[in-house]
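Enquirer: So the chains spell out like this:
2 protein chains.
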Amino acid sequence: MRCRPMSLALSFLVASLLVPAVQLQADEGMWLFNQPPRKELKERYNFDATDAWLAHLRKSAVRFNNGGSGSFVSADGLVMTNHHIGQGTLNDLSTKDRDLLKNGYYARSQAEELKAPNLELNVLMSIEDVTGRVNAAVNSKDPAKAEQQRRAEMTKIEDESNKQTGLRSDVVTLYRGGLYQLYRYKKYTDVRLVFAPEDDIAAFGGDPDNFEYPRFDLDVCFFRVYENDKPVHVTDYLTWNPASLKEGDLVFVAGHPGRTERTLTVRHLEFMRDVQMPATLDHLRRQDVVALTFGGRSAENMRRAKSVLLRVQNSMKARLGGLAGLQDPAVMAVKRAEEETLRKAAAANPAMAAEFDAAMKTIDKSLVALDKVRVEYNLLEQAQAFRSTTFGIARTLVRAADEKAKPSADRFREFRDSNLDSLEQGLFSKAPIYADLETVALSDSLSMFMEQRGYNDPVVRTVMNGKSPSARAIELVRGTKLADVAVRRQLYEGGKKAIDASDDPMIVLARLVDKPSRDVRTIFEQQVDEPQRVGYGKLANIRFELFGKNTYPDATFTLRLAFGTVARCEEAGVPAPAWTTFGGLFERAKEHDNAKPFSLPKSWIDHKGDLDMDTPMNFVSTDDIIGGNSGSPIVNSNGELVGIIFDGDLTSLVWDYVYTKEGRAISVHGSAILEALRKVYDAAPLADELMRK
Amino acid sequence: MRCRPMSLALSFLVASLLVPAVQLQADEGMWLFNQPPRKELKERYNFDATDAWLAHLRKSAVRFNNGGSGSFVSADGLVMTNHHIGQGTLNDLSTKDRDLLKNGYYARSQAEELKAPNLELNVLMSIEDVTGRVNAAVNSKDPAKAEQQRRAEMTKIEDESNKQTGLRSDVVTLYRGGLYQLYRYKKYTDVRLVFAPEDDIAAFGGDPDNFEYPRFDLDVCFFRVYENDKPVHVTDYLTWNPASLKEGDLVFVAGHPGRTERTLTVRHLEFMRDVQMPATLDHLRRQDVVALTFGGRSAENMRRAKSVLLRVQNSMKARLGGLAGLQDPAVMAVKRAEEETLRKAAAANPAMAAEFDAAMKTIDKSLVALDKVRVEYNLLEQAQAFRSTTFGIARTLVRAADEKAKPSADRFREFRDSNLDSLEQGLFSKAPIYADLETVALSDSLSMFMEQRGYNDPVVRTVMNGKSPSARAIELVRGTKLADVAVRRQLYEGGKKAIDASDDPMIVLARLVDKPSRDVRTIFEQQVDEPQRVGYGKLANIRFELFGKNTYPDATFTLRLAFGTVARCEEAGVPAPAWTTFGGLFERAKEHDNAKPFSLPKSWIDHKGDLDMDTPMNFVSTDDIIGGNSGSPIVNSNGELVGIIFDGDLTSLVWDYVYTKEGRAISVHGSAILEALRKVYDAAPLADELMRK
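Residue numbers (the numbering used here), protein chains in the order written: chain Z, 31 to 723; chain R, 31 to 723.
For the record, the hints were derived by calculation from the structure and aren't laboratory data. Among these hints, one or two may not hold up.
[Claimed, not checked] Just a sample of chain Z residues kept apart from chain R, beta carbon distances all over 12 Å, derived:
| hint | residue |
| --- | --- |
| 1 | Asp304 |
| 2 | Asp447 |
| 3 | Arg722 |
[Said to hold, decoys possible] Restraint-style ranges between C-beta atoms, simulated for each label pair:
| hint | chain 1 | residue 1 | chain 2 | residue 2 | range |
| --- | --- | --- | --- | --- | --- |
| 4 | Z | Val405 | R | Gly496 | 29 to 35 Å |
| 5 | Z | Asp466 | R | Thr269 | 44 to 50 Å |
| 6 | R | Phe574 | Z | Lys402 | 57 to 63 Å |
Quick caveat, the model's predicted, so the values are computed rather than measured. Glycine residues also receive a C-beta, built at the ideal position from the N, C-alpha and C atoms.
Please model the entire structure based on the sequences and the hints provided.
Expert: Shown next, in the form of structure tokens:
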């Protein structure tokens with residue numbers, strides 16, 4: 031199925047590009063909650079998105095800061111998300127003798143709910159436009175200075191807001207620089223595991239079925255949010271009504287799409303296609319190979335490597351789909367036509383035409399800078415050369431010592447006062463760190479560092495210290511004490527003095543590479559990031575002027591609203607139904623002789639007779655989603671929950687760049703969750719809690 | 031275990047490098063049979079390698095032209111090799127319903143012996159030095175012309191010899207250009223499968239245990255060689271005496287090591303470390319990911335992908351070990367010291383010093399040329415851009431049409447008259463071709479082509495024909511008829527006219543890219559290959575003059591003799607015994623809950639009670655081997671078979687560049703083979719045939 035030629039899916043788009051670039055395709059759009067698609071919904075579906083309806087959905091939606099979405103599903107702080115969003119936590123809470131990924135978990139009482147070592151959940155409370163304030167603070171023509179001014183102002187706004195409201199406050203860059211808005215979140219950090227199924231059913235079909243449809247996954251888990259050691263009481267949560275769902279129903283998704291590249295210039299897309307994506311994929315492949323090799327040595331190794339593997343393989347498959355899109359002449363024809371439409375429209379106004387040209391030049395120049403700096407930036411500042419949890423800790427400690435001594439507005443953004451709580455939560459997480467896995471990953475990444483920068487690069491020589499990559503990795507991992515949370519706390523609290531005095535080899539390494547890493551970050555921020563904000567900001571303003579603001583920005587891992595209908599589809603030319611059933615699940619397991627990754631857990635085999643085989647399991651809709659939407663609630667027009675988003679199909683992988691009406695979002699059907707809780711997992715109390723109004 | 035720091039293994043070497051570069055380490059050497067290490071054997075082991083002893087071993091040794099070694103082990107043409115050398119054949123002979131890899135095979139009568147679709151076995155009959163004749167033919171100073179002259183002369187020698195003797199005749203380049211010798215082989219192409227165990231026991235431990243020790247693999251299979259539809263009768267074959275083997279015993283390996291890089295210049299090694307190896311590894315990783323993704327979809331897919339996976343994963347692990355060696359400063363220090371020793375010795379003689387400098391410059395220049403041409407050479411001429419069996423067939427057909435029209439001496443070497451039989455055997459092989467696997471591999475490789483040459487490269491654009499890589503791959507694989515052997519034969523016999531008239535899309539593609547591929551091959555042959563022959567030939571002659579000819583050349587996939595002793599070792603600092611036992615095998619399976627790849631086949635579980643648990647299974651020795659030696663017989667000083675080489679340990683992976691006494695060759699113990707045949711496989715007649723004198 032993975033070989034579907036994208037060209038077929040897109041040919042209609044090329045033909046239709048005689049219309050203006052802003053005319054949206056069918057159910058396209060990841061809309062801002064403060065700029066909702068009222069007109070589209072009214073015209074297409076005769077639906078009124080009232081303020082109350084929107085506010086309830088917004089406050090029921092939850093962001094998982096490890097990269098996913100979720101929702102409140104009971105008054106007692108119960109939160110639902112995908113199993114694959116919870117899997118890092120499940121792994122962190124597992125040991126050699128308690129494998130929560132393999133065996134699942136159900137807390138039959140609140141006392142049994144297990145505290146996640148490192149989860150932060152956010153609920154969006156308000157949005158305020160601060161575009162004027164941010165842009166007013168930037169008065170320098172020098173991009174380096176301008177970058178500092180912008181960064182300082184964003185931090186000031188955030189720190190002030192956080193101090194005033196106590197809420198997490200993030201200035202979000204929308205339209206890649208067209209708007210700046212202040213998002214205020216209620217933040218929860220005491221999050222406890224309530225229920226997770228076995229990963230054999232949560233991720234039935236494994237990597238082979240990832241992004242495929244028809245699908246049969248119970249990709250769901252439940253957490254409960256606590257405050258002051260008690261379940262939090264919420265008034266905005268979603269009530270359930272999955273049973274009524276039928277084909278053609280209007281369904282909404284409220285979630286946090288992570289990143290799209292739909293407004294990039296053609297040259298920027300070509301740069302991604304020819305330079306960035308191939309490099310990213312090479313990096314993912316080597317992580318995959320290292321994790322698989324390590325995991326293959328024993329079942330316990332595989333348990334340890336599982337989180338990495340799931341992340342890497344998911345990312346790899348998604349990006350392969352994205353690259354396939356970029357390499358498809360039909361996709362590029364769409365993007366070229368969009369850009370031409372904008373250029374021609376701007377040409378009617380000389381000032382606007384000049385602004386358009388200036389923007390394009392600025393962006394082009396940023397790409398030249400990016401090409402020069404990207405390898406070093408990835409290796410040093412993104413720490414790809416030092417792939418290990420303990421190096422990440424060491425870097426944070428070393429930098430905290432320097433950054434915290436400065437005024438908040440002058441720091442790296444992640445060290446601003448209003449972000450320190452979140453930073454410390456990660457830094458002091460009790461999640462286990464496996465020395466063996468650290469060693470193989472670090473060894474491979476040091477080898478990659480040597481390959482990419484050359485054996486004789488001065489930083490490489492300093493880092494290697496006369497040793498081979500593997501010998502150096504062993505020395506670093508054996509020598510560091512940073513796996514111990516108390517040691518981290520001591521170093522963090524000891525500040526610069528403690529850091530300077532430390533002879534922990536990982537701290538020493540982080541100190542050694544800090545200067546070159548900071549240097550390359552500065553280049554990146556000043557020559558790539560800031561110019562792109564300026565260039566894309568100009569393009570956004572041209573679009574606003576020409577076509578109005580009735581559009582949506584590229585995804586930014588902030589709350590968005592998507593709409594669409596439950597609709598059957600075609601996958602690689604084969605018709606696929608709008609939903610699958612439990613019956614289909616058992617058939618598919620049988621086709622594969624119940625062999626991994628198509629093996630059912632014992633609980634499902636044992637309870638097969640109790641299940642209604644016609645229960646819908648997964649369903650597809652035309653909602654516009656992307657990575658980060660995982661775990662988003664999908665609701666009907668009454669705002670009632672009908673399921674939970676967990677994937678897109680292969681055809682949707684091109685949605686990074688262009689929405690097509692052939693693509694599909696894939697959800698776990700709410701009925702499957704309820705039926706499984708009651709019949710397979712003997713979890714009626716949990717199902718009852720969900721059904722309570 | 032895979033993280034052993036090479037530095038430890040090599041530190042002794044660096045210290046010892048005050049001695050001349052040609053002083054060999056312990057049991058180092060892959061010796062020529064016509065230049066055997068008589069002196070070393072006499073001095074170290076008081077062993078006389080008589081002509082008769084050598085001739086018998088040579089004529090008992092067999093080369094598997096798919097990349098391995100083997101030996102005659104009965105008068106009736108029985109040949110033993112590794113299971114992993116036979117596995118391509120086992121895969122070719124398998125179908126969805128008859129999986130010879132999974133289930134193994136035993137032909138209880140000659141009628142049941144299964145003919146391999148594409149095996150060629152060679153037995154070395156004679157060696158003749160032709161250095162004078164080859165070099166005399168080269169009189170041009172222009173490398174392009176010189177390359178043609180040399181190639182033509184080598185072909186002439188081969189064609190003449192083949193015509194005169196009927197033997198396969200190969201001019202082998204030794205010492206990278208120091209000597210040219212004519213190797214004449216008896217060739218066998220009717221090769222039939224007699225016995226193979228299940229791959230669960232042949233490759234017990236799978237990729238995780240590959241290159242590791244202690245090991246527990248029954249990596250062996252048996253073929254029988256036929257002529258005129260009857261088992262061939264041979265007088266030189268190895269008799270068995272494994273039971274007497276003990277630690278410290280002198281043991282010899284007669285096999286076909288494929289390639290070593292021990293005489294490369296330091297700059298050449300640096301080029302491999304910094305440029306070639308990383309690129310090769312990236313390419314292997316992407317083949318691994320594609321095959322694993324395809325294989326993961328079903329058991330049948332995995333069966334189809336298995337050959338690719340085994341090859342790719344083995345190669346990847348070996349090269350990772352090799353790269354680790356090159357990235358180890360201790361290894362480079364050894365190589366630098368060796369080069370300095372040679373430079374200083376040559377400096378005593380001005381003419382020789384000038385020759386040394388000229389050689390180094392020639393080689394350096396060839397590396398500059400290689401760097402320029404390598405990506406295009408790999409993509410086009412090595413066909414990495416078109417990864418599929420049917421493209422390989424198409425290319426052979428297209429080129430045969432052109433080449434066969436020329437005089438033999440003017441053709442590409444593989445099309446010379448004396449090689450056409452072998453070429454045709456491969457071209458008309460009935461081995462199955464799987465369209466689904468072809469499609470995913472071709473799609474990935476076309477995408478790589480686009481990534482590496484750029485979307486707008488004219489050859490890329492021609493190849494893609496306005497389609498995406500996946501759409502183009504589907505079109506090519508669906509459209510081609512070359513999976514049909516009759517179609518190939520028609521096109522081959524139809525010559526240029528048939529090829530020009532063909533509209534088979536794969537033939538059309540091969541025609542399209544033939545010109546640029548030929549062009550880049552010419553550049554490679556004239557600017558890289560020929561100058562390196564000249565440069566390394568000079569260095570070899572300097573070594574001969576200074577230190578005599580009592581040394582061995584880098585491996586060339588021709589017959590070599592290695593010697594060493596059965597000797598325990600250390601693996602990652604842990605002492606390991608000289609051999610493992612059946613008892614250890616069952617323990618290791620139990621440690622892993624009999625889970626793949628540590629699961630025992632049913633036959634072994636059923637017959638556990640019948641087995642002597644003390645039977646030695648695998649053993650290690652200090653013999654100097656490398657890839658290509660797989661399947662080599664290992665014999666005692668009486669020339670009696672004691673086992674079969676199947677692997678080297680992790681420490682030995684650096685042997686590509688430098689032999690270390692810490693590394694070990696790993697063999698299946700002959701006793702394990704006999705015991706398993708009798709007790710597990712009910713194959714007493716086969717065991718009896720082996721024991722017959």
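Enquirer: Which constraints among the numbered hints does this structure fail? Numbers only, ascending.
Expert: Hint check: 1, 6 fail, others pass.
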